Every structure is written in structure tokens, then in C-alpha cells.
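Trainee: Sequence:
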Amino acid sequence: MNPARSSTQSPSRRGETVVPARRPGVGSIVLLASIVVSFPAASSAPTPLYATYARMWDFSPITTTVVFGVYAIAVLLALLVLGRLSDHVGRRPVLLAALAVQTAAMVVLTTADGVGALLAGRVLQGVSTGGALGALGAAMVDVDRGRGTVANAAAPGIGTGTGALLSGLLVQYAPAPTHLVYLLLVGVFLLQGVAVALMPETVSRKPGARAAVVPEFTVPAGLRGPVPDQQDHDLRLEY
38 MNPARSSTQS
48 PSRRGETVVP
58 ARRPGVGSIV
68 LLASIVVSFP
78 AASSAPTPLY
88 ATYARMWDFS
98 PITTTVVFGV
108 YAIAVLLALL
118 VLGRLSDHVG
128 RRPVLLAALA
138 VQTAAMVVLT
148 TADGVGALLA
158 GRVLQGVSTG
168 GALGALGAAM
178 VDVDRGRGTV
188 ANAAAPGIGT
198 GTGALLSGLL
208 VQYAPAPTHL
218 VYLLLVGVFL
228 LQGVAVALMP
238 ETVSRKPGAR
248 AAVVPEFTVP
258 AGLRGPVPDQ
268 QDHDLRLEY
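Residue 38 is where the sequence shown starts when you use this note's numbering, and the numbers rise one by one after that.
It is worth saying that the hints were derived from the structure and are not from the lab.
Model, not experiment: these values are computed from the prediction.
Be aware that a few hints might be false.
What follows is a set of in silico ranges between Cβ atoms, one per label pair, in the way DEER data are often shown [said to hold, decoys possible]:
1) LEU217 x PRO130: 17 to 23 Å
2) VAL144 x GLU238: 26 to 32 Å
3) HIS216 x PRO98: 22 to 28 Å
4) ALA137 x TYR210: 28 to 34 Å
5) VAL208 x ASP95: 17 to 23 Å
6) VAL208 x THR102: 42 to 48 Å
7) LEU117 x VAL240: 19 to 25 Å
8) ARG92 x THR186: 20 to 26 Å
9) SER241 x TYR210: 20 to 26 Å
Just so you know, even glycine gets a beta-carbon here, dropped at the ideal spot from N, CA and C.
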């Protein structure tokens, strides 16, 4: 018998059921996309609770603005410092650390008894989100460039809307509104942490991790050029 023909023979001819092989990377893409959903969901979860916090702790709208602001600043700073770290230490370690910090943020928010704890929880959320953004986007592209790009673009908006909606429903209809949403998210992050620990790493470790946490500031090539001398500038003005 011709080996080539035997190797291509369909199992159904022997009475077996043909089960299509699962496309590689589907599980990893789903997991990573779920994290891209859950992090924005967690960031928007406190929003419906701010009115409740304001009544409980008697703070002004300015305080609410500060709470929003510290989160945004923490995200930007973490993204600047940690955005390239996963290229050197791997995607999984960065994601596991981000999930751990995000879980800690949920615990802080669950037990918050004042504005200080609320600010601390928001800062932790911002650091974990900013630290995870680069690793999540890169990992999804590593696994599947096409599907990863689509998921990375669509998931954050879904997460933001879902978090605010879920939190609002819990505030309206569930007991312990300032605790329940955070406890649910703790469970989500713990499950995702276990899944990430089991996920195959997509890059090899390489040196340069310390240098990677130093932010780089560059000037676009189109804006580079000689700086005009002040004397020449004055002469042109006089002319």
C-alpha cells in the first residue's frame, strides 16, 4: 500500500467520528481577552458607588475628581515604566504580578473605610492595569496576530461598560453593594491567575529588564533638526 495514500485516508472510512482539531492559541486568546475585559470592568466598578461613598464619608465632588485622577496617573506611569518589561521577563510573570496587584486592590476597596483607602485602592488598580496593558497586547499578538489584534481592540470597551453596568445593578438590587462587586472580581482574578500560570509562555527571557523599566522619551524624526541660534533669531526679527 502506498504510504502517502494511507496517511491521508479519512478515519470516517473505518467507522470513526472525525473531530476537527482545535485551532492552536484559541484558549490563550480567550483567556487574555477575558483579562482585557476584567481589568477595565474593575476600573469602572467603583463609579456607581461614588455617590454612596460620598454619603458615607461626606466628601465633595472635588474628591471624586481626585479619585478618578489618581487612577489615570497611576495607569500612565505604570505603562511608561513597565510597558516593555514583559519583552524581557516574559508575558506570564508580568500578568501574574498584575493580577496579584489587582486582587489586592479589590481587597483594599472591599475593606475601605475612608477616602484614603479608596485612593490607595485606585492607585493599585492603576498600577496593575498599566503594568498589564503592554504584556496583554503583546501576548495576544504572539499567539495570533489577527484575532489578537481584534480582541485587544474590542475587549476594553466591553469591559468598561460591563463593569459599570454590573456594579450599578448590584448597587440597586443586591445587598452589601460596597463589597459584593469587589468580591466577585476577586474570584474572577484568582481564576484568571490560575489559568495564566498554566498558559504556555510566548517569549523567551532575555537580558535588559532593568533598562526596560527606564522610560524612553524620543523626538519624532520629522521634528528633529538644528535649533536656530538666538542671535540669528534676533537678526531676523530686526530685519
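Trainee: Could you run down the list of hints and mark each one as holding or not?
Mentor: Evaluation of the provided hints:
1. LEU217 x PRO130: 17 to 23 Å: Violated, since LEU217 and PRO130 (Cβ atoms, about 31 Å apart) do not stay within the stated range.
2. VAL144 x GLU238: 26 to 32 Å: Holds, at about 28 Å.
3. HIS216 x PRO98: 22 to 28 Å: holds (24 Å)
4. ALA137 x TYR210: 28 to 34 Å: Holds, since ALA137 and TYR210 (Cβ atoms, about 31 Å apart) stay within the stated range.
5. VAL208 x ASP95: 17 to 23 Å: holds (19 Å)
6. VAL208 x THR102: 42 to 48 Å: violated (20 Å)
7. LEU117 x VAL240: 19 to 25 Å: holds (21 Å)
8. ARG92 x THR186: 20 to 26 Å: violated (43 Å)
9. SER241 x TYR210: 20 to 26 Å: Given range 20 to 26 Å: violated, Cβ gap about 49 Å.
Checked against the numbered hints given earlier, the structure breaks hints 1, 6, 8 and 9 and satisfies all the rest.
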